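S.K.: The listed protein sequences correspond, in order, to chains C and U.
The number in this note's numbering is simply the position in the first sequence, starting from 1, with 100 added.
The number in this note's numbering is simply the position in the second sequence, starting from 1, with 67 added.
Everything labelled a hint here was simulated from the structure, so no lab data went into it.
You may find that some hints are simply not true.
Among the chain C residues that face chain U by a calculated CB cut under 8 angstroms, a handful are [claimed, not checked]:
1) H110
2) T137
3) Y140
4) Y146
5) S149
6) L150
7) L170
8) E174
Here are the computed lysine-lysine pairs in the DSSO-like style, where the Cα-Cα straight-line distance is at most 27 angstroms [unchecked claim]:
9) K180/U <-> K147/C
10) K166/U <-> K180/U
11) K166/U <-> K147/C
Please read these numbers as outputs of a predicted model, since none were measured by experiment.
Yeah, the Cβ is synthetic: ideal placement off N, Cα and C, and Gly gets one too.
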Amino acid sequence: MQGSVRLSLHNRISVFRAERGISRRELAEAVGVNNQTIGYLERGDYKPSLELALKIARHFDVAVEMLFSLERFEPIAMMLKRTGEDP
Amino acid sequence: MKARPRSLLSRLDDTVRWTGLPARIADQMSGDPDRKHRPLRWSPIWPIAFSCSLLVISLVWPSLLDVMHPGALIGVITAFWGGVFAMIPAIYMNGPLGKSSLADDEREAALRKSSFLFCLGLLAVLNGLGQPILMILSHWQHWKFAQTASVVTTSFMLNATLFACLPTLYASWNLRQLPND
């Protein structure tokens, strides 16, 4: 039955884009897609090919797992709180 | 200085502007990445509805056909449909699938593929079911030549309209409005 479950792909492209101050159009031009495609990717309406996912990760200079995940990403506030609590 | 009267050919040249083609070519050549092929969720429904209604009329009210010569009837239907046919390229070119497929990125290529697969699948089902039904109807109801000719013409028109408009309709309903960056 597990094969019939439709997995959703979560991403943090908008977070990374905001952090680096990159517009949708700049990212789109860098990875060679239409800027609307970046919008649909960010909103989770489109699942990218492996090639596109790797190109986006390379553009941000991070591992692809930092950008895309099959599980929900932990909210940044929770991550910061947890980091602050660590000794 | 008095302006010279414009020639007929010059006036005819101006009418090209009414077709919208010069503006469209300028838009295509501008290289502006923001130029829109916007989703058209309602306009493709009109030609489809019109073609469906023509087929229904030719099936349900064949008595309407008795007053006209078959050739004249086909001419009238084709003339009416010609008006609708003029809308179809504009709908396709302004819709989400309107730009050249060579300029598609992977999302647009996937959308184009799924739209045409949906359209061709639906047409295959409709034609597969429709043809035997029409054959049985023509046999049982003893269709005259005029009715057979009009059903054949209108079903061809419906097929052509569906092929031209369904991909745009499917793609338009699959795209949601994006917020601004």
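S.K.: Determine which of the earlier numbered hints do not hold for this structure and return their numbers in increasing order.
M.R.: Violated hints (numbers, rising): 1, 6, 7, 8; every other hint is consistent with the structure.
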